[in-house]
Amino acid sequence: MYKKDHLIGIAFLVPAIIFMAILIVYPLVNSFTLSFYRQLIYETQGVYVGFQNYLKILYDPGFWQAFKLSLIWTVTTIAGQVVIGVAAALILHADFKGRGLARAFVMLPFFMPTVAVTLMWKWLLNEQYGFVNYLLMSLHVIEKPISWLGTSSLAMASIVFIGIWRYFPFVTINVLSRLQTIQQELYEAASIDGANSWKKFWYITLPEIKGVLAVVILLRSLFMFNKVDIILLLTKGGPGTSTLTLPVQAYSYAFEGMQLGRGSANAIIQFLIVLAFILIYIRTTSQASKGRV
Amino acid sequence: MNASKRLGRAVFYLLVIGLVLFSIGPIIWMLLSSLRPKVEFFAIPPTFLPKRWTLENYFSVFRETEFVRFLMNSIWISIGAIVISTVVGVSAAYSLTRFQYRGRKLFSVFSLFAYMLPSILLVIPLYLIAVQLKLTDKLSGLVLAYVALCLPYCIWVLCSFFETLPIELEESAFIDGCGRVRALFHVALPMLIPGIIAVIVFTFTYVWNEYLFALVFINSDAKRTFPVGLESFVTSFDVYWEYILSGSIIVSIPAVVIFLVTQRSLIKGYGAGAIKG
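Protein sequence lines correspond, in order, to chains B and Y.
Count the first sequence with UniProt numbering and you get residues 1 to 293, in order.
Count the second sequence with UniProt numbering and you get residues 1 to 277, in order.
Since the hints were made in silico from the structure, they are not lab data.
Treat the hints with care, as some may be off.
Said to hold, decoys possible - Here are some chain B residues pointing at chain Y (derived, C-beta under 10 Å):
no.: 1; residue: Ile8
no.: 2; residue: Tyr26
no.: 3; residue: Phe105
no.: 4; residue: Lys122
no.: 5; residue: Ile268
no.: 6; residue: Gln270
no.: 7; residue: Leu279
Unchecked claim - No farther apart than 16 Å at their CA atoms in a straight line, the calculated lysine to aspartate or glutamate pairs in the EDC-like style are these:
no.: 8; chain 1: Y; residue 1: Lys38; chain 2: Y; residue 2: Glu64
no.: 9; chain 1: B; residue 1: Lys200; chain 2: B; residue 2: Glu188
no.: 10; chain 1: Y; residue 1: Lys105; chain 2: Y; residue 2: Glu163
no.: 11; chain 1: Y; residue 1: Lys138; chain 2: Y; residue 2: Asp221
no.: 12; chain 1: B; residue 1: Lys56; chain 2: B; residue 2: Glu43
no.: 13; chain 1: Y; residue 1: Lys5; chain 2: B; residue 2: Asp95
no.: 14; chain 1: Y; residue 1: Lys38; chain 2: Y; residue 2: Asp238
no.: 15; chain 1: B; residue 1: Lys122; chain 2: Y; residue 2: Asp238
no.: 16; chain 1: B; residue 1: Lys122; chain 2: Y; residue 2: Glu231
no.: 17; chain 1: Y; residue 1: Lys134; chain 2: B; residue 2: Glu43
no.: 18; chain 1: B; residue 1: Lys236; chain 2: B; residue 2: Glu256
no.: 19; chain 1: B; residue 1: Lys236; chain 2: Y; residue 2: Glu231
no.: 20; chain 1: B; residue 1: Lys144; chain 2: B; residue 2: Glu127
no.: 21; chain 1: B; residue 1: Lys200; chain 2: B; residue 2: Glu185
no.: 22; chain 1: Y; residue 1: Lys38; chain 2: Y; residue 2: Glu56
Claimed, not checked - Covered by chain Y, according to a simulated footprint, are these stretches of chain B (three or more residues, beta-carbon under 8 Å):
no.: 23; segment: 216-230
no.: 24; segment: 242-254
We put the CB at the ideal spot given by N, CA and C, even for glycine.
Turn these sequences into a full structure, and let the hints steer you where they fit.
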């Protein structure tokens with residue numbers, strides 16, 4: 001019945017085509033051309049400079065420093081999110097009194113508004129009156145107050161911790177929903193064969209959640225690599241450039257340095273890195289829907 | 001129960017308690033802080049419970065700041081983005097899953113692709129477009145930017161929902177003499193409600209959270225959404241913790257309520273990639 005009326009069908013798509021064309025495709029093309037111009041934020045027309053923005057970026061040690069920080073940020077936050085996220089999912093999958101409440105509590109960090117949790121951590125990590133310093137001092141872990149976000153060597157570790165704290169529930173939600181579909185018979189059979197909990201985890205649970213873990217790690221890598229709000233709010237890339245990851249650097253070129261062209265070139269380079277991940281993701285999920293993962 | 005089993009149970013409950021404290025301990029501390037008078041903020045040693053419980057921080061953020069305006073701006077922008085993304089998204093998903101024409105697959109894959117784009121890539125050109133259209137410092141400009149960020153995902157999710165619905169029901173409605181519009185509104189849409197709720201929740205959460213675009217697009221105090229508004233209580237001279245703490249709790253309430261209402265279906269049926277953040 002539906003198959004004959006292409007035109008009516010396409011009419012339903014027209015609003016989406018218009019919005020996507022104006023709000024996504026045109027800006028993307030624009031961003032690409034902009035990256036070949038030297039254009040300040042208050043200028044209406046920039047100067048064509050070819051690959052100069054790109055060359056400047058690639059020869060700039062600051063870019064490579066930011067690239068390195070981006071990798072450190074992405075890899076460490078993801079490792080933490082996966083380890084804590086899976087552990088939390090396994091705990092919350094077990095049967096115990098108050099499980100519903102515990103589940104809701106554990107997911108909470110992910111659903112609080114970003115600005116609320118980042119300002120909350122600023123309050124907790126404050127050098128003079130923050131609760132974290134007080135706690136660590138009364139436990140004799142540290143001797144005097146530490147400026148967590150204000151010390152170059154500690155700022156990255158601090159924001160990584162906060163990144164893990166905020167986003168591990170994403171892993172938990174996804175793994176938990178997968179755990180609920182594993183057939184109980186598998187565990188019962190294993191019990192009869194005398195398998196202990198560790199063996200059950202290693203030979204049943206892990207293979208079952210491998211697929212969802214792969215997808216979750218891919219997605220989280222994308223989101224963490226692109227993350228700008230949480231870093232902007234906590235450290236603005238500082239102190240110095242100790243937490244200046246690539247997206248934060250692009251932001252500061254474009255909107256603080258006012259160099260839109262250079263900021264765009266920076267964003268395009270990030271896009272190319274991200275593109276590889278997106279293609280892998282689309283491949284993985286389309287295979288999954290064909291039942292191959 | 002034997003001793004080793006009992007010990008195992010105790011260790012397990014310790015793990016649960018540790019996990020819950022790790023997750024909400026910081027949030028509880030913020031809540032307790034917001035309920036004490038300002039003079040207690042910087043007390044050393046801090047007391048776990050406030051010595052004097054008070055709501056004065058909550059009154060003062062409403063009385064002494066532009067907080068209400070920030071909140072209203074956020075609410076309006078959320079509504080705008082939700083309405084546009086949902087209506088356009090449903091219409092597109094209906095088209096992509098119920099009709100056959102060339103380029104369908106390409107369009108839905110493109111919307112998945114667009115959903116994963118780094119927002120820093122879109123913020124620069126969208127800002128320039130907003131400047132050209134004189135939409136900077138306007139709530140409508142921000143609404144359009146948020147549609148750019150949310151619509152691709154809405155289309156993608158609604159398509160996967162639509163695909164699970166049997167087309168036969170709609171076809172039998174046609175045979176019974178139902179027009180296409182009636183078949184859409186009376187047969188297809190009611191079945192799609194869980195999907196529509198999912199994209200409304202997603203769009204709300206996204207817009208309620210968003211900081212980068214709100215920071216770049218808006219210059220004047222009166223047009224700020226609360227993420228930028230709350231942050232403006234951190235000035236170079238002073239940090240107004242009394243406003244920040246109470247304000248943060250207030251803006252968290254809608255997000256948390258929505259999460260509590262939807263969490264069961266979140267954990268049950270969503271699967272990977274259902275959420276962004």
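Structure-based check of all given hints:
Because the smallest distance between the Cβ of B/Ile8 and any Cβ of chain Y comes to about 7 Å, under 10 Å, the interface hint for this residue holds. Of the supplied interface hints, the one on B/Tyr26 holds, with its beta-carbon coming within about 8 Å of a beta-carbon of chain Y, less than 10 Å. The interface hint given for B/Phe105 is met, as the beta carbon of that residue sits about 5 Å from the closest beta carbon of chain Y, less than 10 Å. With its C-beta approaching chain Y no nearer than about 8 Å, B/Lys122 sits inside the 10 Å limit, and its interface hint holds.
Because the smallest distance between the Cβ of B/Ile268 and any Cβ of chain Y comes to about 7 Å, under 10 Å, the interface hint for this residue holds. Contact between B/Gln270 and chain Y, as hinted, is supported at the beta carbon level, the nearest pair being about 6 Å apart and thus within 10 Å. The restraint placing B/Leu279 at the interface with chain Y holds, with a minimum CB-CB distance near 9 Å, inside the 10 Å limit. Of the supplied pair hints, the one linking Y/Lys38 and Y/Glu64 holds, its CA atoms being roughly 15 Å apart against a limit of 16 Å.
Straight-line distance between C-alpha atoms of B/Lys200 and B/Glu188 comes to about 10 Å, which keeps the hinted pair within the 16 Å bound. Note on Y/Lys105 and Y/Glu163: the hinted pairing holds, with a Cα-Cα distance of about 13 Å set against a maximum of 16 Å. The straight-line distance between the Cα atoms of Y/Lys138 and Y/Asp221 is roughly 11 Å, inside the 16 Å bound, and the hint therefore holds. Between B/Lys56 and B/Glu43 the CA atoms are separated by roughly 21 Å; this puts the pair beyond 16 Å, and the hint is violated.
A distance of roughly 15 Å separates the Cα atoms of Y/Lys5 and B/Asp95; the hinted pair therefore holds under the 16 Å criterion. Simply put, Y/Lys38 and Y/Asp238 have alpha-carbon atoms about 14 Å apart, close enough for the 16 Å limit, and the pair holds. Only pairs whose Cα atoms come within 16 Å are accepted, and B/Lys122 paired with Y/Asp238 is accepted, the gap being roughly 14 Å. The suggested pairing of B/Lys122 with Y/Glu231 holds, with an alpha-carbon distance near 11 Å, which does not exceed 16 Å.
For the hint pairing Y/Lys134 with B/Glu43, the CA-to-CA distance comes to about 15 Å; that is within 16 Å, so the pair holds. Between B/Lys236 and B/Glu256, the direct Cα distance comes to roughly 11 Å. Compliance with the 16 Å bound is thereby established for this hinted pair. Of the pairs offered as hints, the one joining B/Lys236 and Y/Glu231 holds, with about 12 Å between alpha carbons and a cut-off of 16 Å not exceeded. Restraint check for B/Lys144 and B/Glu127: satisfied, since their Cα atoms lie roughly 10 Å apart, inside the 16 Å limit.
The straight-line distance between the Cα atoms of B/Lys200 and B/Glu185 is roughly 12 Å, inside the 16 Å bound, and the hint therefore holds. Restraint check for Y/Lys38 and Y/Glu56: the C-alpha separation of about 9 Å stays at or below 16 Å, so the hint holds. Taking a C-beta to C-beta cut-off of 8 Å, the segment 216-230 of chain B contributes 8 residues in contact with chain Y, enough for the three needed, and the coverage statement holds. Proximity of the segment 242-254 of chain B to chain Y, defined as three or more residues with a beta carbon under 8 Å from a beta carbon of that chain, is established by the 4 residues found.
Checked against the numbered hints given earlier, this structure breaks only hint 12.
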